[in-house]
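Engineer: Under the working numbering, the residues of the sequence shown are numbered 16 to 292, in order.
Heads up, some of the hints might be wrong.
Simulated pairs of lysine-lysine, DSS-like, Cα-Cα distance not exceeding 30 Å [stated by the list, open to error]:
#	residue 1	residue 2
1	242	102
2	175	223
3	233	98
4	266	145
5	198	102
6	175	233
7	242	266
8	58	266
9	185	145
10	185	223
11	35	242
12	175	58
13	233	198
14	98	109
15	145	233
16	145	175
17	145	35
18	35	275
19	109	266
20	242	38
21	198	185
Quick caveat, the hints were computed from the structure, so don't treat them as lab data.
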Amino acid sequence: MKYSFFFFLMMLPACSNKQKAIKMKGSDTEVNLAVVLAEHFYKVNNDHSLAISGGGSGLGIASLLNGQADIANSSRPLTGEEKTLFKVRNIDLKTIVFAEDATAFIVHNNFPVDSIDVHTLATILSGACKTWQPVTGLPVPVNIYGRQSNSGTHSFVRNKLAIQFSREAKEMNGNAQIMEGIKADESGIGYVGAGYIIHDSKGKQAVKVLRITERIGKQAVSPLDEKAINEQRYFFQRPLYQFVRSTSWNKVVPFINFEKSSAGQDIIRASGYYIIQ
16 MKYSFFFFLM MLPACSNKQK AIKMKGSDTE VNLAVVLAEH FYKVNNDHSL
66 AISGGGSGLG IASLLNGQAD IANSSRPLTG EEKTLFKVRN IDLKTIVFAE
116 DATAFIVHNN FPVDSIDVHT LATILSGACK TWQPVTGLPV PVNIYGRQSN
166 SGTHSFVRNK LAIQFSREAK EMNGNAQIME GIKADESGIG YVGAGYIIHD
216 SKGKQAVKVL RITERIGKQA VSPLDEKAIN EQRYFFQRPL YQFVRSTSWN
266 KVVPFINFEK SSAGQDIIRA SGYYIIQ
């Protein structure tokens, strides 16, 4: 069964007014943050209604293309093919970069190593190395927990490492499934948004977050290190996008303005994401 999040904030007067009913779909990396922002936005804008769902960046962009969403949350930029499709259909878009995220690579809490270098990570996730021998010294098979190809995080990691993922990688439907898989698998490795880890753990880290070394001999950096992110020192950090249909802009702009306000920026930080510097 496809995993996704659904969140609805509705009042009868707002539901009867389609001009203030906002549909937001897309990135699982962004969905928790979008829900929290929407909750606070609604407290001061209760004449609006918001429907938020996850399912992946590709799904959100497809929904925008098909007129099933006003906002597509995406943890990656549009592909050339997607840009062409919007152009062919005469759909004008506005692009907002509203936060920054770091992709975290997670293992079981009992995993004996705290960091990994980018080259070794690439050999593990591509399937070129099928055991943990070069990392832990133990010939234990690697179990990879990844995302489906419509995920922005899947595309981001693949492109940063310049690999194709191992055919044996488990394709999970969202961050939650990857987290649950890693919690139960001492030989597993997966990737999720750093903000999702902070939101999920609520002060108690349920998995081990590997520090990443860009190359051997360089300092290992954690995706949870705000100073390192602000200094652009983490290899897997990226902007988070929202694509908006121009025809939806007037009803969406109050929410976008809330995200950019001091209250919205505080929520972004408190949720484990980073402010664009």
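Engineer: For every hint, state whether the structure bears it out.
Structural biologist: Here's how the hints hold up against the structure:
1. For the proposed pair residue 242 and residue 102, the alpha carbon gap of about 39 Å is over 30 Å, so the pair is violated.
2. Of the supplied pair hints, the one linking residue 175 and residue 223 holds, its CA atoms being roughly 22 Å apart against a limit of 30 Å.
3. In summary, the hint linking residue 233 to residue 98 is not supported, as the alpha carbons are separated by about 38 Å, beyond the 30 Å threshold.
4. With a CA separation close to 50 Å, the supplied pair residue 266 and residue 145 exceeds the 30 Å bound.
5. At most 30 Å may separate the alpha-carbon atoms for a hinted pair to count; residue 198 and residue 102 exceed this at roughly 44 Å.
6. Straight-line distance between C-alpha atoms of residue 175 and residue 233 comes to about 18 Å, which keeps the hinted pair within the 30 Å bound.
7. This hinted pair does not check out: residue 242 and residue 266 have alpha carbons roughly 36 Å apart, beyond 30 Å.
8. For the hint pairing residue 58 with residue 266, the CA-to-CA distance comes to about 17 Å; that is within 30 Å, so the pair holds.
9. Our distance criterion of 30 Å between C-alpha atoms is met by residue 185 and residue 145, whose separation comes to about 14 Å.
10. Only pairs whose Cα atoms come within 30 Å are accepted, and residue 185 paired with residue 223 is accepted, the gap being roughly 19 Å.
11. With a C-alpha separation of about 38 Å, the suggested pair residue 35 and residue 242 falls outside the 30 Å cut-off, and the hint is violated.
12. Between residue 175 and residue 58 the alpha-carbon distance is near 39 Å, which puts this suggested pair outside the 30 Å criterion.
13. Proximity of residue 233 to residue 198 is assessed by CA-CA distance (about 29 Å); at most 30 Å being required, the pair is judged to hold.
14. This hinted pair checks out: residue 98 and residue 109 have alpha carbons roughly 12 Å apart, not beyond 30 Å.
15. For the hint linking residue 145 to residue 233, the alpha-carbon distance of about 25 Å falls within 30 Å, and the restraint holds.
16. As the CA atoms of residue 145 and residue 175 are separated by approximately 20 Å, the hinted pair is consistent with the 30 Å bound.
17. Between residue 145 and residue 35 the CA atoms are separated by roughly 52 Å; this puts the pair beyond 30 Å, and the hint is violated.
18. Among the hinted pairs, residue 35 with residue 275 is consistent with the structure: their alpha-carbon atoms are about 19 Å apart, no more than 30 Å.
19. Taking the CA atoms of residue 109 and residue 266, the gap is about 13 Å. The hint holds against a cut of 30 Å.
20. Restraint check for residue 242 and residue 38: not satisfied, since their Cα atoms lie roughly 34 Å apart, outside the 30 Å limit.
21. About 15 Å separates the Cα atoms of residue 198 and residue 185, which keeps this hinted pair within 30 Å; it holds.
Going down the numbered hints, you'll see the structure goes against 1, 3, 4, 5, 7, 11, 12, 17 and 20, while the others check out.
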